[in-house]
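> Per my numbering, numbering of the sequence shown is gapless, rising by one per residue and ending at 283.
Hints listed in this document are in silico derivations from the structure and should not be mistaken for laboratory results. A couple of the hints might just be wrong.
[To be verified] Cross-link-like lysine-lysine pairs, in silico, DSS-like; alpha carbons within 30 Å at most: (1) LYS164 / LYS261; (2) LYS188 / LYS178; (3) LYS205 / LYS189.
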Amino acid sequence: MKKHIPVLALLLASQLHPQTKMNLNNLIEFGGKKYELNVEKPFTGEVFNLYESTGKKKVNGQYKNGIKDGKWTWYRWDEKKRVEGTYQYGQRNGKWTKWYNGQKEEGNYIDGKPDGIFTGWYENGQKWQEATFKNGRKDGLWTRWYENGQMEKEITYKDGKEDGLWTKWYENRQKLEETTYKDGKKDGLWTYWHDNGQKSGKVTYKDGKRDGKWTWYNLYGNKIEEITYKDGKKIEKTEWYYYENGQKEKEITYKDGKVISEICWDGEENNFKCYVEDDW
4 MKKHIPVLAL LLASQLHPQT KMNLNNLIEF GGKKYELNVE KPFTGEVFNL
54 YESTGKKKVN GQYKNGIKDG KWTWYRWDEK KRVEGTYQYG QRNGKWTKWY
104 NGQKEEGNYI DGKPDGIFTG WYENGQKWQE ATFKNGRKDG LWTRWYENGQ
154 MEKEITYKDG KEDGLWTKWY ENRQKLEETT YKDGKKDGLW TYWHDNGQKS
204 GKVTYKDGKR DGKWTWYNLY GNKIEEITYK DGKKIEKTEW YYYENGQKEK
254 EITYKDGKVI SEICWDGEEN NFKCYVEDDW
């Protein structure tokens with residue numbers, strides 16, 4: 004004769020021994036999966052961990068057959084959320100959200116790789132960044148804003164590498180720099196500006212190396228330095244100095260690290276040969 008356990012007894016047993024969350028510290032890892040101690044079957048269920056110093060929650064998550072599967076949430080020391088997202092078969096999948104320094108960022112994962120647009124916001128709700136990924140790699144336009152809504156930079160990637168035009172602005176809307184990349188390497192003309200709108204520099208790269216004339220200007224648009232490069236090597240350099248009234252004071256040219264020319268002005272546009280140590 005078969006014995007039958009009354010339904011009421013089963014209900015009472017389940018109430019007396021409810022399923023509880025498992026502390027991560029009580030699980031062991033073997034073969035890439037989590038197990039309870041002295042249990043052969045991989046662990047399935049909810050887990051948690053606490054900050055040792057305060058006892059406050061640090062993480063909540065889920066395992067299925069020993070691997071992460073389901074919703075996971077990490078917390079800061081003050082119990083505010085730090086990261087939240089879902090795993091599927093041990094890989095990030097779906098929407099993930101991250102909070103840090105008063106900012107928030109959201110993006111999508113497919114099979115453990117970031118994919119699509121990742122958007123970030125300042126604490127005031129103003130967007131601070133839009134970044135695009137394709138199959139885990141940076142790809143396409145990345146845009147960043149200052150907290151006041153003014154554009155900070157626009158940069159482009161292709162297959163995970165810097166490619167094309169990069170533009171940056173000061174917070175006062177003046178352009179800061181324009182740079183170009185090709186297949187991950189610096190290439191072409193790079194231009195820089197002071198925050199007053201005056202050009203501060205103009206340089207060139209070729210296949211990732213410094214090449215051609217590099218020219219720098221002061222806040223008033225006066226040329227202060229010019230260096231000639233070839234295949235990344237410095238060939239010649241000229242420096243200019245000015246009086247407070249903007250008149251040219253001195254021009255020095257170097258080659259192979261030595262002064263080869265030095266011209267001075269008296270402040271009234273009259274030039275003369277400056278004293279050079281080699282003249283003795």
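> Look at each hint and say if it fits the structure.
How the hints compare with the structure:
Distance check on the hinted pair: LYS164 and LYS261 sit about 39 Å apart at the alpha-carbon level, beyond 30 Å; violated. This hinted pair checks out: LYS188 and LYS178 have alpha carbons roughly 22 Å apart, not beyond 30 Å. In summary, the hint linking LYS205 to LYS189 is supported, as the alpha carbons are separated by about 14 Å, within the 30 Å threshold.
When held up to the earlier numbered hints, the structure conflicts with hint 1 and nothing else.
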